[in-house]
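Chemist: Residue numbers (numbering that gives the first Met the number 0), protein chains in the order written: chain A, 0 to 715; chain B, 0 to 226.
Think of the hints as simulated: they come from the structure by calculation, not from any bench. Misleading hints may appear alongside valid ones.
[To be verified] Selected chain B positions facing chain A (in silico; Cβ < 8 angstroms):
{"id": "1", "residue": "20"}
{"id": "2", "residue": "23"}
{"id": "3", "residue": "67"}
[What the hints assert, rightly or not] Calculated pairs, DSSO-like style, for lysine-lysine (alpha carbon to alpha carbon, straight line, at most 30 angstroms):
{"id": "4", "chain 1": "A", "residue 1": "12", "chain 2": "A", "residue 2": "46"}
{"id": "5", "chain 1": "B", "residue 1": "9", "chain 2": "A", "residue 2": "514"}
{"id": "6", "chain 1": "A", "residue 1": "513", "chain 2": "B", "residue 2": "9"}
{"id": "7", "chain 1": "A", "residue 1": "25", "chain 2": "A", "residue 2": "12"}
{"id": "8", "chain 1": "B", "residue 1": "201", "chain 2": "B", "residue 2": "97"}
{"id": "9", "chain 1": "A", "residue 1": "466", "chain 2": "A", "residue 2": "436"}
{"id": "10", "chain 1": "A", "residue 1": "46", "chain 2": "A", "residue 2": "436"}
{"id": "11", "chain 1": "B", "residue 1": "63", "chain 2": "A", "residue 2": "271"}
{"id": "12", "chain 1": "B", "residue 1": "201", "chain 2": "B", "residue 2": "63"}
Since the model is a prediction, treat every value here as computed from it, not as a measurement. For glycine and all other residues, C-beta sits at the position ideal for the given N, C-alpha and C.
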Amino acid sequence: MSNVHFIRGDNAKPVATQLLREALSKLKDISGECFFGYPLIATSEGKYAIDATLVSPEKGVVIFDLVEGSELGDYAARQDDLANKLEAKLRMHKELVKGRQLLPPIQAVTFAPAINNPQAITQNEYPVANVDSLATVLSGFQWQGASEALYQRTLSAIESLSSIRKGLSKRDTHRPDSRGAILKRLEDSIATLDRRQSRAVIETVDGVQRIRGLAGSGKTIVLALKAAYLHTQHPDWRIAVTFNTRSLKGQFRRFITAFCLEQSGEEPDWTKVRVVNAWGAPGGEDRDGIYYEFCRATGQEFYDFRTASIRFQGSDCAFDGACTAALQAASDPPELYDAILVDEAQDFAPSFLRLCYAILKPPKRLVYAYDELQNLSGASLPPPEDIFGKDAQGRPLVSLGEDPCRDVILQKCYRNSRPILVTAHALGFGIYREPPKGSETGLVQMFDHPALWEEIGYRLREGRLEKGQRVVLERTDETSPRFLEDHSLIDDIVIFKIFNSEAEQNAWLVEQIKKNVQEDELRYDDIIVIHPDPRTARERLGPIRAALYEQGIQNHLAGVDTEADVFFKTEAPSVTFTGIYRAKGNEAGMVYVVNAQECDVSGPGLANVRNRLFTAITRSKAWVRVVGHGPGMERLLREFQQLKQHDFRLDFTYPTDAVLNKLRIVHRDLSPQERQRLDQKRGRAAELLKDLERGELMPEDLDADTRERLIRLLSR
Amino acid sequence: MPPREARLIKEDLERLLASLIERGIVDDQNFPLLRQVGREAYEITFEGAEHVAVGMGDDVDYDKMYHDLAGRRCFSAKLIDGGLLQLMYSFKGGHLTKHRLAYYPSPDLSPFREDPESYLHDALFLDIVSRRIVPFPLRFDFDESAARDVHHPRCHLTLGDAKGCRIPVSAPLTPRWFIEFVLRHFYQTPQLDLVSALPAHKHNFAATITANESKLIHVVVPQAAIT
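Okay, chain A solo, but in the shape it has when bound (with noise of 0.2 angstroms):
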């Protein structure tokens, strides 16, 4: 087996894809990456995709003309055109120069499988090669002057996905000590793909492919470019991109933007990959959205926010009673698209997935992306053998298997540092919580499989990753860059603070912020305040905006209707605060967390709660400052305090399945219905404790073993 990672795009050309693949794999000595139906060339008579292209220390860059059939055409031509255009992209790198001369070398080969004899109608200096020529051919091939830092570089050339992440504006600053400076060069640094997420962008998978990853590990930035590349490749296909909230509609569309005019020197067709809210109304192309196309045609009938949560039984629980409406009524759904790809599909229900499924044509492109921690609706995702359904003989419709480019997980995370990470993962699992009393594990929630942990970038430490075994869990420096947390002191990145009241809590905040933006040269959009319940979001912020603006600091609230989808307006310098689904896929230098004592209740919903300190915690890429009052406050405090102590390591007991199943139970969210019950038999509770104190009802009014009863289970 030699060592070349193949990265496979699409090409049209399967059969000769699959054949050089195989002749490669079996090359000794040869490593390095092979990219497939990329990358794409940009030129005056239109975009080219090459069909394979390798990467390799040894050899240099090796261009792939595939051919499948015999008839061979004019290969000498398109081997010097294919040549020609990537040695011009490539010049555009200055790094890869030297005075005039490209330093990587470029080969170019005609692949042909079908032909015989490929030896005795080689040209001069344009080879033709099989199966079993191939590895004469390569040979022929050697990179002079090759290193690991050139060989890198030309890797990420030919990658080329680096620009896009760029900063959207510049910012001024003169300390090179100040808070902006750090930013600017922690931007500058990120600015970067990583190799995983490329290969993610480019691997093309004919059926369903998910994508997981943890908050800030680029899922957002790998579908968008995913969609541009697929439009790229397939300039008719009809593609969707969906998602959630319209605050990330902006960032979908200057992605793809820039994606298509790097590969492919075009802006993107809109009317071809489209970027749709989940839901959609009537109202023209702005505003239209998969559910409402899917109605429109089917002829079924569409439910809009209202009344969708009268028909539905609650705002909660609406879109899916909608779509779930809309599947069962149309019994043959058109198939309307040839990909859909779904951002934060954590938060819909299997109902919306399976509708995206219904209306794609075989075979069946369907794109999702999901963070579980980040999941604030109270229902995780159930495995997509779950989702799709069955088959009339009983199979799934859709098994992941154990392919690794039909389920990515992205480890590696960019946006948050070590540090604020762990403390995500910390807190939103209650690692370090205190057991409340009878219960022998303080966890709140943990994942079902125990080897997630390494997939998400972490690295045992001490212990055994087992259900039922103390475990010690750490970040890698692989997996949580060093860079991203050297720029201050441990001490700087998390805060936690309490305050003895909410004014208290709101006129520190004043202060911090006015310093940032008066003495730390953070830019206004640097900021976000997050008040993690978004029902009282509004009316919890208010007092600290009004006391900010009338000091004389723009600020704004991050509303249903955020103007084009801008969460921040760059031209206009305002503090943004938000409650946390307006916060979602938005990222900023300094996050404040504001009344955090309310992530932590006891009982239902504490799980829902907690992913909401989670999402809002890793929403930052530099620093947070968790701030809250009160009881809840000091426990929180404490169990950030553990996590200091322990290193910014996870150390708990992993539960076994029985102890995973009742958090399970205590903290799942519950349904309105349910709330109400258990509201009501709280009131009862609270009633007889009522006429216990007044004496309404004396303890000896009960029966003897009644009140045993009662004595030994409140006792528990």
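Starting from the known structure of chain A, fit chain B onto it as the hints suggest.
Modeler: Okay, now just chain B, sitting in the frame of chain A:
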């Protein structure tokens, strides 16, 4: 030094905005500016006001007009359901010569009152509205120089930008009266009392309606008790 009346009006507006921000009814805003524009001439305006003319074109679709105004941040305040408030006053020689007080509701979102719960709780899919709303802007204009008895009352109310719609108004409106008018008629609900929490009145303008105009159906601005 700007005239006392101008300073009072600016302070009134600032206090009102702070109070609406605090209540979470205003999502975004521009600071009121008081500046000298000529000899003894002052105006109260806001940053972004230079684009206010896009809201005055005759042949512009309301949808486009609204989005232009919102996109350029041409407003004194943006309300919870996307409604825009614009307040501008001009003074010359120490007294009011013009005002333009406008309210532009959002053409895309359902009005606040249809679903106040979802708005206050920031429901995720609030923007999914199927019914096309028929929103109409309204404006209280005051203009001394353009006034003609009955045909162009000094202070008048224009509904839906309809040409020639100038319902006589008895006196110019302070920011306090204008904002109360909008809140009371478009935002107040039985559960949510926005109006009585507004800061107290600080100023009254003298009546400007003519005898002939007051014989027509007209709007009366009451004299408020000043605290």
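Chemist: Does each hint fit the structure? Answer for all of them.
Modeler: Here's how the hints hold up against the structure:
1. 20: holds, 4 angstroms
2. 23: Holds, because the Cβ-Cβ distance from residue 23 of chain B to chain A comes to roughly 3 angstroms (cut-off 8 angstroms).
3. 67: With a minimum Cβ separation of about 11 angstroms from chain A (threshold 8 angstroms), the hint on residue 67 of chain B is violated.
4. A:12 x A:46: holds, 18 angstroms
5. B:9 x A:514: This hinted pair holds, its Cα atoms lying about 27 angstroms apart.
6. A:513 x B:9: Distance of about 24 angstroms is within 30 angstroms: holds.
7. A:25 x A:12: Judged against 30 angstroms, a Cα distance of about 20 angstroms means the pair holds.
8. B:201 x B:97: holds, 19 angstroms
9. A:466 x A:436: Satisfied, since the Cα-Cα distance of roughly 22 angstroms is no more than 30 angstroms.
10. A:46 x A:436: violated, 66 angstroms
11. B:63 x A:271: Measuring from Cα to Cα gives roughly 25 angstroms; hence the hint holds.
12. B:201 x B:63: violated, 37 angstroms
Checked against the numbered hints given earlier, the structure breaks hints 3, 10, 12 and satisfies all the rest.
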